[in-house]
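S.K.: Taken in sequence, the protein lines are chains A and B. End of the first sequence = 827 in the numbering used here, gap-free, step of one. End of the second sequence = 827 in the numbering used here, gap-free, step of one.
Derived by calculation from the structure, the hints in this document are not laboratory data. It is possible that some hints are incorrect.
Since copy identity is lost for identical chains, a pair holds within one copy or between any two.
Claimed, not checked - Taking lysine to aspartate or glutamate pairs in the EDC-like style, the calculated list, with each CA pair at most 16 angstroms apart, reads:
| hint | residue 1 | residue 2 |
| --- | --- | --- |
| 1 | K677 | E717 |
| 2 | K421 | E745 |
| 3 | K654 | D483 |
| 4 | K628 | E455 |
| 5 | K677 | E436 |
| 6 | K768 | E745 |
| 7 | K654 | D822 |
Protein chains: 2
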Amino acid sequence: MTGTDSAGNGAAELQTTMTALGKAARSAAAVLANASSEAKDKALREAATALRDRRAELLQANAQDVAAAEERDLRAALVDRLKLDDSRVAAMASGLEEVAAMADPIGTVVDQWERPNGLQISRVRTPLGVIGIIYESRPNVTADAGGLCLKSGNAAVLRGGSESFHSSGLIGACLHDGLRAAGLPEAAVQLLPTTDRAAVGVMLTMSDYIDIIVPRGGKGLIERVQNESKIPVIAHLDGICHVYVDGAADLEMARKIAVNAKMRRVSICGAAETLLVDKRVHNSHLEPIVHDLLEAGCEVRGDPAAQAIDPRVAQATEEDWETEYLDSIISVRVVDGVDGAIDHIGEHGSHHTDSIITEDAAVADHFLSKVDSAIVLWNASTQFADGGEFGMGAEIGISTGKLHARGPVGAEQLTSYKYVVRGDGQVRP
Amino acid sequence: MTGTDSAGNGAAELQTTMTALGKAARSAAAVLANASSEAKDKALREAATALRDRRAELLQANAQDVAAAEERDLRAALVDRLKLDDSRVAAMASGLEEVAAMADPIGTVVDQWERPNGLQISRVRTPLGVIGIIYESRPNVTADAGGLCLKSGNAAVLRGGSESFHSSGLIGACLHDGLRAAGLPEAAVQLLPTTDRAAVGVMLTMSDYIDIIVPRGGKGLIERVQNESKIPVIAHLDGICHVYVDGAADLEMARKIAVNAKMRRVSICGAAETLLVDKRVHNSHLEPIVHDLLEAGCEVRGDPAAQAIDPRVAQATEEDWETEYLDSIISVRVVDGVDGAIDHIGEHGSHHTDSIITEDAAVADHFLSKVDSAIVLWNASTQFADGGEFGMGAEIGISTGKLHARGPVGAEQLTSYKYVVRGDGQVRP
């Protein structure tokens with residue numbers, strides 16, 4: 399995976415390169431589908447070792463990317479996401495080891511039963527095949543995504559952001575070190591050898607070679623992928639997450655969760671964007687929570703009830719209810735009980751993650767069953783919306799769609815299944 | 399659901415009609431998602447009763463369709479698929495009752511675990527939303543598909559073949575009788591009110607209102623749907639199914655299964671199209687099996703070894719290995735053991751259903767794990783590839799894709815899931 403750029407490539411040459419890459423991925427997938435758990439886990443552990451051993455080389459490649467980004471005047475937040483240091487490299491390496499330590503999803507019997515005619519039917523987990531992942535600046539996605547695909551017996555075709563080209567290339571080389579050490583084909587994890595944007599367009603048409611596309615990045619990327627792809631897409635759109643403070647909420651718990659859900663990290667998709675408060679506790683709960691948020695440095699935009707609390711609360715517009723701020727801003731609204739909250743979330747939410755704070759179990763159950771989101775929580779922060787926090791080891795994203803995978807996408811979500819039927823000569827009457 | 403045709407409709411009018419239908423489906427889906435098992439099962443049983451009570455009316459509507467088909471000189475096989483009689487109506491009604499008697503997939507806890515921080519996570523089955531089904535002449539698909547969608551808490555938008563318009567309309571009316579009796583919205587099952595082919599095109603763009611499209615019919619239909627759809631598609635492509643007679647096969651079992659797999663019904667997707675015989679039993683097994691097939695009225699196209707057996711065996715061309723005959727024709731080839739069979743199936747198969755006949759358990763396990771098909775069988779006929787035979791009550795098709803659903807698509811395959819997380823005040827550190 400050298401850093402050749404396709405500036406000199408014509409469209410035909412790009413197509414040839416991509417087809418060769420697709421064929422190599424398909425062949426590697428066939429090997430990987432039948433690889434032992436031991437071989438796959440060895441590859442993951444050896445890749446982790448390579449990341450640690452080649453840390454100096456990796457930080458040098460990363461410095462090249464960071465310098466180029468600073469030269470191009472990229473936003474500071476973007477440059478920060480791009481930057482690797484000792485602790486980030488260590489986190490990548492231990493992430494791969496955590497994935498190695500998890501149970502192998504492949505070959506697991508998910509379900510089995512016997513038919514009256516004696517046929518023994520079992521449903522067994524299998525890999526999907528080849529997974530294409532298109533992502534932006536964070537180079538660690540190369541390790542996370544490559545590792546999860548490998549664990550689940552799938553070949554990966556990775557297209558990272560052009561700004562992390564050298565860093566990702568070196569992480570890819572470490573994954574190849576691991577694959578080689580385990581006797582598995584290097585083509586199990588391939589990075590596009592070019593930063594040419596046209597390569598993404600070609601990738602999205604390669605339905606003969608890629609079985610599923612997972613875009614990971616901003617809205618623009620995801621919309622482009624969903625519009626152009628000839629391959630099924632598992633995507634995460636908006637994360638407009640809500641915290642609803644019910645009339646039966648414990649005030650201290652509500653304060654703690656509301657501030658954590660919004661402010662722990664504002665840029666992740668599980669960060670709360672809207673706080674809904676039951677009108678029954680409008681007097682007792684709304685004011686302390688709004689003050690906590692203001693004191694934590696959060697901008698608050700509210701309905702008239704919230705505005706009445708503090709002059710610093712700005713007026714929320716209709717647009718605020720449907721905005722994923724990914725910033726220290728929250729919209730606040732008083733609603734008529736749990737059904738008011740359910741209605742607001744149904745109308746304005748994004749089916750991602752929503753939480754209710756209440757001591758009333760019946761009200762909680764009503765919320766948990768009626769809110770149509772990938773993750774619904776009771777008395778816990780929306781910031782737990784994360785594959786690692788769910789115990790999946792890692793994730794390559796959170797799906798807001800309902801097909802195939804919903805919520806955090808870990809190794810198990812990158813699998814399919816087959817039916818294995820054992821008989822003793824049965825024919826169908 | 400009256401028989402108005404859209405001959406007079408402009409494109410704008412069609413769009414308006416379809417959007418209204420989509421909105422009604424979305425609203426009905428929200429009600430259905432929270433409907434009790436009792437209500438859904440009552441609707442299914444009452445629909446079965448309506449089918450029986452309105453049998454005369456249904457047969458009359460069907461006679462209208464059949465007369466029109468005969469006038470248009472449709473193929474006899476097509477007219478036969480279209481025709482309803484007392485026993486077919488009875489089968490539809492009891493099919494709905496069987497679906498009613500099955501366990502409700504919705505609300506089932508598929509998995510649950512506790513995190514070290516005390517969060518209780520469970521994965522709970524939910525409906526998908528709105529399912530669009532596009533099918534051809536068999537009017538019974540209206541009952542099967544409508545019933546499975548209802549059971550799984552999904553709204554259905556059905557587009558049957560124009561030739562079964564009146565029959566399907568009446569079956570739809572019976573489903574509405576059931577929904578009304580159970581207090582559920584009629585829009586839970588909607589049939590397109592027009593036979594205009596353009597309506598299919600509009601339907602395939604309605605990604606705001608339809609969550610998944612299931613085409614059921616010939617290759618032409620499925621290719622059109624896959625090419626045009628802006629909505630994810632679960633489809634069944636070819637069913638090029640194989641029977642492999644291993645060197646360690648019991649001859650009598652192999653004869654019985656080979657003939658059943660091919661000849662029981664030649665027009666279903668699980669019918670075998672190719673027989674592979676291990677060269678080790680070329681002398682002992684090949685001849686009796688080929689003679690059985692010839693005697694059963696099957697045309698045999700073989701490689702030189704098969705041709706040497708009987709002058710009636712024609713020469714197989716490369717094309718034969720990749721042809722889904724759906725007719726009394728089979729291709730026959732001698733292969734080099736189980737790996738020869740696995741290679742042939744990998745190269746020429748369609749990932750649908752493949753069977754091995756052998757007394758050697760290790761060889762069987764090798765075949766069952768290496769053949770990458772939705773259904774793999776050991777010592778059983780490929781004709782068991784059917785949701786009913788699997789115990790799913792009914793199916794709306796067999797998926798040859800690996801995403802979301804693979805193999806028979808029954809009620810459970812028409813579901814998604816959500817994560818329900820219960821805490822006691824946890825915030826993320």
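S.K.: Where does the structure disagree with the numbered hints, that is, which hint numbers, in rising order?
M.R.: 1, 3, 4 and 5
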